[in-house]
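So the sequences go chain by chain: A and B.
Taking this note's numbering as reference, the numbering of the first sequence is continuous, increasing by one, and the terminal residue is 507.
Taking this note's numbering as reference, the numbering of the second sequence is continuous, increasing by one, and the terminal residue is 1433.
Don't take every hint at face value.
Derived coverage of chain B by chain A (criterion: at least 3 residues anywhere in the stretch with Cβ under 8 Å from a Cβ of chain A; other residues may be distant) [said to hold, decoys possible]:
1) 1045 to 1057
2) 1296 to 1303
Some chain B residues close to chain A (C-beta under 7 Å, calculated; not the full set) [what the hints assert, rightly or not]:
3) L1025
4) R1325
5) P1418
I should point out that these hints are in silico values taken from the structure, not numbers from a laboratory.
Ideal Cβ placement from N, Cα and C applies to all residues, glycine included.
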Amino acid sequence: MTAVLTNPLRVGLRQERVISPQCLVIFGASGDLTHRKLIPALFELFRQRRLPSEFAVLGCARRPWSDTDFRNRMAEAMAAEIAEHRSAWEQFAACLYYEPVDLQDPPTVVRLGERLDLIDRQRATRGNRTFYLSVSPAFYGSGCRALAAAGLLADPARSRVVIEKPFGTDYASAQALNKVVQACAQENQIFRIDHYLGKETVQNILVLRFANTIFEPIWNRNYIANVQITAAETVGVEERAGYYETSGALRDMVQNHLTQILALTAMEPPGRFDPESMRNEKAKVLQAARLANPEEPWKCCVRGQYGPGGSAERPIAGYRQEPGVNPQSTTETYVATKLFINNWRWQGVPFYIRTGKRLPKRLSEVVLTFREAPVHLFDAAGGAPTPNQLILRIQPDEGADIRFEVKAPGSGMRSRPVDMAFSYDESFGEPSDEGYVRLLADAMLGDPTLYTRSDEVEAAWRLYTPLIELMEESPEQVPVQTYEARTWGPAAADNLLAEDGLAWRRP
Amino acid sequence: MAAQLTLQAPQSLPPNELRDHLERLWNTGLEGSRGAATFTLVIYEASWLQQQLIRTGLLDGPINGLLDRNLIERAKAAVSSCGLPLSTAVMDQRLAWALGQRPGDHRADDLRGQFVDGAISVHMPRRLITLAPTLDPARSLETLVAAFCPLVDEGIAAAQACGDAVVLRGGLGVLQQNLALLDPLIEPGLPCWVWWNSSLDEAPELLEALALAGRRLVVDSSLGAPRRCIDLLVARIQSGQAVSDLNWMRLRTWRESLAMVFDPPSRRDALEHVVQLDIDVEGDHPLMGVLLAAWIADRLGWHLVSSFAVDGDGVGTGVGAEFERTDGTTVQFRLMPVPVGVPRIHPGAMVGLRLICEAPQGAPLCVILCSESGGCMRLEAGGMASMELLEEVVPVPDESEEMELARLLSGGHDTTNPLLAAAAPIAARLLPA
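Kindly produce the complete structure, drawing on both the sequences and the hints.
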């Protein structure tokens, strides 16, 4: 994003909803997510004056820190951001507190309740609490139980709990976890976060589809030939080897982020924009989605793992050479798969999804390729006319392109493709908020529209169950194929589309 | 959103039994229902226009305080029959006054306060208190009480809670004399909004008594003498009271449209080189246009040097002013009243805006925003051949007062909008004495 002058006429025009007096309790406050995402997002909300004055953040973890320790550590981790907003940080830091809590140790949870009562009196937070479970997924269930046992989730109007991803590791574990958390709190208190849904451009899929009349009439099997959803990363596993070895690309990216994008792209228009209407439609479309070959998933899925790559001057280590990774690891860092959605709108339209690490570009996009014109009247400069495409660029260079044929200049009647582009940067010139800013604000507002409901999560896991079972029971049938770092994945992924006479878009 | 009737038939009670009855209502009458712990909304619902239209036989009853399509059509028809200029807005108090001079004695049920607009009821007010002054100034006080529950759609029902509606009806003087009844009815622990749904010129003592500090005041600065309206706004804002102005809220699409023009970074620089601002408004109520100009001046850091009245070509009086930009350059401002054949509902609605920017390099930029209902031929005329012209049509939101109020309630705002707080004092100085 280019640095530009703020539009002075834009300042203050956004009609923001007002967050009630509130205490946000972060479990796992000593972890990475807290200082990398959560506290920066809250600080951003504070600077945008969207937090009420009666507000507090209570960090909780097992470490015996004091309030001052917590404030100092957050300040240290955010030094660069704070340098530009020193006085705002001083005010914000005054509402940061810390309480040593072990969710497996009931007396500390009881003490937490007492501390919250004290904060209510000190900061007038009126008993409104949002509990954020940024802890190991193994503790989501027991954490909820501990909160419920201490009576901290008893009032559905004043307490809610945010649960980080991954929500389960497969369909059965997601179902089991849903049962546990729903026994502790009502569904409208449970906020399962998927930070992709906090991205402005992901939400724009909804606006583009449902606020315009030009797209929806052609947004179906009669006009769309196929859909490609790509999330490509240039980075490798970085410091997440421990987690990633147990997860892999399917669980880390596909089942949650990319499947949510799939749902937004393919869902029916809701009757209105409210949490239940939205989530009903998302759940319905996910329940109608199937792997292209659920009985023989190896025919519609490709797994890959990046090997060494780069140049002699700047070599890139392969996945198995990364610190913390098993040298014999069969964890996939790349997945490509083909899906169908069995409903009237999408019957027969293939959805291709791919994600991978160490690919040539960092980008996320949705590409809708339209059917060819029924008759080719004109010569095409490229031999055959290029099908129309609508490309929704989620990151970076957020925006959308429409590709269509025009007459190439000259005396003949040859066609060639051109792009009509919309860029957030050029149209608005201001950076959009980080996903966590939007999602944290929504959780504190009690608005679950952009959070996933229990049936959505289960449907998303069920969709990939045949593949997960195969990966666990007969991994040799979906072998992990090595691809050179900084290439577009294994050749088998290209073959997945080539069999249908198609090719991945090369962005 | 359709209006709803209260859950119960309203019960007429002696005033001194009001409070006890309300307590009993929640303890026994509505057993199992939860009273909303939300807010109290006090509405001064004069509805003079509706009452006069009904009295003169131009409109069928009941009196319900709602500004519906039928009422608007009848009022528009009455403008010409009363001999008023065609550009007189429906809510211009001169129309109700002119109707008041005509004979008639038609009567209708008075249901003010017994309709709860759906847009408002979804916010589950704990108590709606309506002050309903009657045309007959000597009419004695009636107090009515009823309960209501929002007619919620599927999916929202989980959060449903009920409230009650209290109506104090009688002559204006009678209402003023019985204001002591009101305070005990306002739940002390809940926010209280006071909506003065009438001209700001009338009953100033009653307004003072209702809009105590600590209560959130909602007014409409298009209703009443412009000087009185802006002075009241400024005084209340400067006293620290949370004030919302529906006239300011109706400017939302203009502020948004103008901001949109300058969203692309390539146009930002032009904002630093504005040399002229022109605004056209309907009829002779300049406050909406003045508020818009004041917002622009505040956002762009202009300093007001002088303001003066200008001749409005027979339509009324316009406003002229000179601002100074941060670089010392002068910006000329003109606000002109323009005649319109089909006036909008509120006096002084915006017709058009023109902003001329002369950057040192390149052709000057001329931005024209036109109301979709008015057009802006005057602003398009003359001298723009050499400029880069950018025109946008500003949509006219088709929303009721209640929808506007509901937007306020949904935001829960307990302070004055900072943009209004900054613009109102400039507008007060901009409006010629």
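Under 7 Å, Cβ to Cβ, is where B/L1025 needs to be relative to chain A, so tell me if that hint holds or is violated.
22 Å, violated
Taking a Cβ-to-Cβ distance below 8 Å as contact, does the stretch 1296 to 1303 of chain B have at least three residues touching chain A?
holds (count 4)
Any CB of chain A closer than 7 Å to the CB of B/R1325?
12 Å, violated
Would you check chain A against the stretch 1045 to 1057 of chain B, counting CB to CB pairs closer than 8 Å, and say if three or more residues qualify?
violated (count 0)
Hint check: 7 Å Cβ-Cβ cutoff, B/P1418 to chain A
6 Å, holds
Consistency with the previously given hints fails for numbers 1, 3 and 4, ordered from lowest to highest.
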